[in-house]
Amino acid sequence: MAVEGKIVKVSGPLVIAEGMKEANMFDVVRVGRERLIGEIIEMHGDRASIQVYEETAGLGRGDTVVSTGAPLSVELGPGLLQNIYDGIQRPLEVIRDRHGSNLPRGVDEPALDRNKIWHFETTLKFGDKVNPGDVYGTVQETEVVSHKIIVPPRVSGTIIEIKSGDYHIDDRIGKIKYPDGTITDITLMQKWPVRVARPYAVKLAPEDPMITGIRSIDTLFPISKGGTACIPGPFGSGKTVVQHQLAKWSNVDIVIYIGCGERGNEMTDVLREFPELTDPKTGKSLMQRTVLIANTSDMPVAAREASVYTGITIAEYFRDMGYSVAIIADSTSRWAEALREMSGRLEEMPGEEGYPAYLTSRLAQFYERAGKVVCLGSDKRIGALSAIGAVSPQGGDISEPVSQATLRIVKVFWGLDSSLAYKRHFPAINWLNSYSLYRDRLAPWFVGNVSRDWNDKATLCMKILQKESELDEIVKLVGVDALSSEDRLTLEVARSLREDYLQQDMFDLVDGYTQLDKQSDLLDLIFFFKDKAEAAIAAGADIQAVSELPVREKIGRAKSVVYENYKAEFEKIKKEIVSQLDALVAEAKE
Amino acid sequence: MMREYRTIEEVAGPLMLVRQVEGVKYDELGEIELDNGEVRRCRVLEVNGRNVLVQLFDNAAGLNLSTSKVRFVGHGVELPVSPNMLGRVFNGMGEPIDGGVKLIPEKSLNINGTPINPAARYYPSEFIQTGVSTIDGLNTLVRGQKLPIFSGSGLPHANLAAQIARQAKVLGTNEKFAVVFAAVGITFEEADFFISDFKKTGAIDRTVLFINLASDSAIERIATPRMALTAAEYLAFDLNMHVLVIITDITNYAEALREVSAARKEVPGRRGYPGYLYTDLATMYERAGRKMGSEGSITMIPILTMPEDDKTHPIPDLTGYITEGQIILSRDMYRKGYLPPVDVLPSLSRLKDKGIGKGRTREDHSGVMNQLFSSYARGKDAKELMVVLGEAALTPIDRLYAKFADAFEERYINQGFYENRTIEQTLDLGWELLSILPRSEMKRIKPEFVEKYWKAK
Numbered sequence: 027m028a029v030e031g032k033i034v035k036v037s038g039p040l041v042i043a044e045g046m047k048e049a050n051m052f053d054v055v056r057v058g059r060e061r062l063i064g065e066i067i068e069m070h071g072d073r074a075s076i077q078v079y080e081e082t083a084g085l086g087r088g089d090t091v092v093s094t095g096a097p098l099s100v101e102l103g104p105g106l107l108q109n110i111y112d113g114i115q116r117p118l119e120v121i122r123d124r125h126g127s128n129l130p131r132g133v134d135e136p137a138l139d140r141n142k143i144w145h146f147e148t149t150l151k152f153g154d155k156v157n158p159g160d161v162y163g164t165v166q167e168t169e170v171v172s173h174k175i176i177v178p179p180r181v182s183g184t185i186i187e188i189k190s191g192d193y194h195i196d197d198r199i200g201k202i203k204y205p206d207g208t209i210t211d212i213t214l215m216q217k218w219p220v221r222v223a224r225p226y227a228v229k230l231a232p233e234d235p236m237i238t239g240i241r242s243i244d245t246l247f248p249i250s251k252g253g254t255a256c257i258p259g260p261f262g263s264g265k266t267v268v269q270h271q272l273a274k275w276s277n278v279d280i281v282i283y284i285g286c287g288e289r290g291n292e293m294t295d296v297l298r299e300f301p302e303l304t305d306p307k308t309g310k311s312l313m314q315r316t317v318l319i320a321n322t323s324d325m326p327v328a329a330r331e332a333s334v335y336t337g338i339t340i341a342e343y344f345r346d347m348g349y350s351v352a353i354i355a356d357s358t359s360r361w362a363e364a365l366r367e368m369s370g371r372l373e374e375m376p377g378e379e380g381y382p383a384y385l386t387s388r389l390a391q392f393y394e395r396a397g398k399v400v401c402l403g404s405d406k407r408i409g410a411l412s413a414i415g416a417v418s419p420q421g422g423d424i425s426e427p428v429s430q431a432t433l434r435i436v437k438v439f440w441g442l443d444s445s446l447a448y449k450r451h452f453p454a455i456n457w458l459n460s461y462s463l464y465r466d467r468l469a470p471w472f473v474g475n476v477s478r479d480w481n482d483k484a485t486l487c488m489k490i491l492q493k494e495s496e497l498d499e500i501v502k503l504v505g506v507d508a509l510s511s512e513d514r515l516t517l518e519v520a521r522s523l524r525e526d527y528l529q530q531d532m533f534d535l536v537d538g539y540t541q542l543d544k545q546s547d548l549l550d551l552i553f554f555f556k557d558k559a560e561a562a563i564a565a566g567a568d569i570q571a572v573s574e575l576p577v578r579e580k581i582g583r584a585k586s587v588v589y590e591n592y593k594a595e596f597e598k599i600k601k602e603i604v605s606q607l608d609a610l611v612a613e614a615k616e
Numbered sequence: 043m044m045r046e047y048r049t050i051e052e053v054a055g056p057l058m059l060v061r062q063v064e065g066v067k068y069d070e071l072g073e074i075e076l077d078n079g080e081v082r083r084c085r086v087l088e089v090n091g092r093n094v095l096v097q098l099f100d101n102a103a104g105l106n107l108s109t110s111k112v113r114f115v116g117h118g119v120e121l122p123v124s125p126n127m128l129g130r131v132f133n134g135m136g137e138p139i140d141g142g143v144k145l146i147p148e149k150s151l152n153i154n155g156t157p158i159n160p161a162a163r164y165y166p167s168e169f170i171q172t173g174v175s176t177i178d179g180l181n182t183l184v185r186g187q188k189l190p191i192f193s194g195s196g197l198p199h200a201n202l203a204a205q206i207a208r209q210a211k212v213l214g215t216n217e218k219f220a221v222v223f224a225a226v227g228i229t230f231e232e233a234d235f236f237i238s239d240f241k242k243t244g245a246i247d248r249t250v251l252f253i254n255l256a257s258d259s260a261i262e263r264i265a266t267p268r269m270a271l272t273a274a275e276y277l278a279f280d281l282n283m284h285v286l287v288i289i290t291d292i293t294n295y296a297e298a299l300r301e302v303s304a305a306r307k308e309v310p311g312r313r314g315y316p317g318y319l320y321t322d323l324a325t326m327y328e329r330a331g332r333k334m335g336s337e338g339s340i341t342m343i344p345i346l347t348m349p350e351d352d353k354t355h356p357i358p359d360l361t362g363y364i365t366e367g368q369i370i371l372s373r374d375m376y377r378k379g380y381l382p383p384v385d386v387l388p389s390l391s392r393l394k395d396k397g398i399g400k401g402r403t404r405e406d407h408s409g410v411m412n413q414l415f416s417s418y419a420r421g422k423d424a425k426e427l428m429v430v431l432g433e434a435a436l437t438p439i440d441r442l443y444a445k446f447a448d449a450f451e452e453r454y455i456n457q458g459f460y461e462n463r464t465i466e467q468t469l470d471l472g473w474e475l476l477s478i479l480p481r482s483e484m485k486r487i488k489p490e491f492v493e494k495y496w497k498a499k
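As you go down the protein sequences, you meet chains A and B in turn.
Residue 27 is where the first sequence starts when you use this note's numbering, and the numbers rise one by one after that.
Residue 43 is where the second sequence starts when you use this note's numbering, and the numbers rise one by one after that.
Quick caveat, the hints were computed from the structure, so don't treat them as lab data.
Values in this document were obtained by computation on a predicted structure and should not be read as measured data.
Glycine included, C-beta positions come from ideal geometry on N, C-alpha and C.
Please note: incorrect hints may appear among the correct ones.
Said to hold, decoys possible - Chain B stretches covered by chain A per the calculated footprint, using a threshold of three residues with CB under 8 angstroms from any CB of chain A: (1) 53-62; (2) 145-158; (3) 171-179; (4) 329-335; (5) 353-366; (6) 377-390.
As the list claims (entries may be wrong) - These stretches of chain B come out as covered by chain A in the derived footprint (C-beta under 8 angstroms, 3 or more residues): (7) 410-422; (8) 471-479.
What the hints assert, rightly or not - Once the Cα atoms are required to be at most 27 angstroms apart in a straight line, the calculated DSS-like pairs of lysine-lysine come out as: (9) B:K307 x A:K580; (10) A:K310 x B:K396; (11) B:K307 x A:K35; (12) A:K35 x B:K396.
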């Protein structure tokens, strides 16, 4: 039933309407003559407070508000991939083609293309019993993703008709009979309210890593499939580049990228670049596994609040098919600011820095929707949803409420550092204060799949870097000459680890993604130099000469050796290390 | 027939409450007629039942609760636009103040604009040569970018902005281009500096100026940058011109916003600025760019003075999160007499990577840039150490780095406001300076480029 009310108050994105007694909380409403989209967020008697997802200029007292009777929902089905949506799942490319290059108000375009025909394959037949999560059949949505049409949660019954064939998204592909005898159509598409987490059977502990190809992440601060991570950093520290890199090369099946209150050009960049990049795993375009959600900073603020929910609901839907999904949100701070703005307009009592008191619980709810799960359905397939959120703390100071609330929830912290960024050390992940609580859990996987001493190497790497920061303090006081040769060598090795290992040129095709075995061998190479140099110094070689060894330039370039022939090249470098150090020792003996 | 109300209930600071109105819309433009016939403008901030809260653009002096009349015009704040705007001077509310002929508008545009669909943007990638090495070589500007200058009181940001406006060009093209200049609460001298510089170079004929001086209404400043951007959008996207927008000073704008927010008793964010400062700034900055269906572009250089030279102050901080990089001026460099006093290390251009390299600037650009950055950073560290411990405490290689850092500041950064360097000159100078260091240190540059461009001493 459509409830119709009248506006009594307009203040920015907040509209209050009366005569809304019959409406439900969180119903979507259409506001004014232009039918702007809004959502009821508070009810007081017959007055409803509505957050409007579009610019409210031109609204006034007496304009009508019509409830649609349904909560804010997303359309789920074939056609999601390769698409770019706004915060409430309106297809931006369709809007561009039909309404021009700026965003008009009150547009109503379905999220999934109604005219496109999909080929549906099923193995079910008359009389089959289905339960929530069971698979009706599949649609090959893109070359790399087979889209499973799953029985929605809370639906079970007997198939009384189903047929493979070519269908539109809303065509009937079959019929199902519920236990109570009612018969309903089955379509390729389903809807789900964004503020409700999609159910699963069991949550599992994470045990395999999400491999990113970023050396400092994979080696020192790994994230698991189904894990949560945050990237806080001041502006200019490279949050977005890291996020793009994760979206490009992570070994997941589906990527949902949310640009929440960020720059328009960044979304354009993803939109233009991804179709041209090929996924090394499938050889097809990366866009074929990607869904973009863009609510840029100049788009209405309330829709920004909704965009993260839209994104994670789509992510859960793909997880339910048994895929490994990564959701990348840039930036959760903008989402929190949207919360703060609405909270202020609602005249709620503010918590810290004006943020609402429920900021922490909302953030927790969002990140808790991540995880590795056994999906609903009789085949007990396993899906994983990893959530990675950027945080943009004011002034880069992570003592502010959004960073602190996030840190209490997520398990991985990649802290970006402006002083590293100024030196153009990218990714500017500070190795001294970042952490990953998954390291121990993932250790067996790395030992079994990459190299037996992986964890020892990673620990040693951290130890040397830690030692470096201590020695640096001394050097600042008394100069490098006061250090012993051993300590000076430690400094040299640490420098090598920083410059030749952790530092990575994201825009370089070879260096931008490093395979795990190459990561392991590259670390070996640096530690090989360390061991041999230690022996040489013990045998009398001069530390200054060791630090100026010509082969070190080659170690520095080792990371950009192409994967195909890196092993041979590394062996060659090792030989040179030995011969050059031997020469030094011989010289010292004379 | 427009209704007139004599129901002003309250006036406090920049706010005014009008009662018993009918059919007034959110964000509508209003006019207040005083006893003496003077008309002032205002804008609806909140509709609450039959009351509306409006924000005055002028000061409230002379307003009378019983005799002043208010009428609402049925649309938001608009700017009349026409191709003849070029060469003209307007006040902060978009009215001509140069005494020239009356403008016959082609149409009127709402100054708030509408967001650009991110799916309809072109990614900016055309290199703009500004002739300034620290920008071209290290923090490259591209067409459609928004690159602010973070400055401090007393630093020569105006000279740098004028230098960019004077020298900027896209290599190998000869297209229509225009400058839109918005003075937001700056002094007469500073505005005059820009105007006379535009006059000297003849740029004034393709410039549109919007002037709100320090002596003008503070609240008008909320409208001024939007006036300028609306004019810029018209020139760029309707008339297909390439527009450079210079807005100075954003700090004054943010203060006007804070004044209104405080008067409304809103819950403040940091330092009393409203929680929506980010969104508000974004709706201005994001209007830069290139979009489909139009040849033109808007490149934006907002200037802001950082209170206490503090980059973490909310205004520069939030700006930095929206814009595509920043050029930071440094008081230290200025004291040393280096002009333009660009603080190279924290400066950044996010869009440089797709604007440089083979076919755009030169194949070695990216490598040289990274090498200069990291060498300069190391050189500065070495110099710091030298101050504490003396030169003898440095390793031989660090001594070279320190020498490099000095030469880099002296020659690369310190080029003055009137030297116009081509990108080749900038890159060659980079190589020349790098030759102070041993060749084996060129780890950031591809070996084949080192081979090709390395200048032996």
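The hints, checked one at a time:
For the stretch 53-62 of chain B, the proposed coverage by chain A is not satisfied: 0 residues have a C-beta within less than 8 angstroms of a C-beta in that chain, short of the threshold of three. Only residues whose beta carbon comes within less than 8 angstroms of a beta carbon in chain A count, and the stretch 145-158 of chain B has 6; three or more means the coverage holds. Here's how the stretch 171-179 of chain B fares: 0 of its residues keep a CB closer than 8 angstroms to some CB of chain A, so the rule of at least three is not met and the hint is violated. Residue count for the stretch 329-335 of chain B with a Cβ under 8 angstroms from a Cβ of chain A: 5. That meets the three needed, and the coverage hint holds.
Coverage of a stretch by a chain is defined here by at least three residues with a beta carbon nearer than 8 angstroms to that chain's beta carbons; for the stretch 353-366 of chain B and chain A the count is 10, and the condition holds. For a cut-off of 8 angstroms, the count of residues in the stretch 377-390 of chain B with a CB near a CB of chain A stands at 3, and the three-residue condition holds. With 5 residues having a Cβ less than 8 angstroms from any Cβ of chain A, the stretch 410-422 of chain B passes the three-residue criterion, so the hint holds. Look at the stretch 471-479 of chain B against chain A: 0 of its residues bring a Cβ nearer than 8 angstroms to a Cβ of that chain, fewer than three, so the hint is violated.
Among the hinted pairs, K307 (chain B) with K580 (chain A) is inconsistent with the structure: their alpha-carbon atoms are about 63 angstroms apart, more than 27 angstroms. Of the pairs offered as hints, the one joining K310 (chain A) and K396 (chain B) holds, with about 23 angstroms between alpha carbons and a cut-off of 27 angstroms not exceeded. With a C-alpha separation of about 18 angstroms, the suggested pairing of K307 (chain B) with K35 (chain A) holds against the 27 angstroms cut-off. Only pairs whose Cα atoms come within 27 angstroms are accepted, and K35 (chain A) paired with K396 (chain B) is rejected, the gap being roughly 47 angstroms.
When the structure is compared with the earlier hints, violations turn up for hints 1, 3, 8, 9, 12 and for no others.
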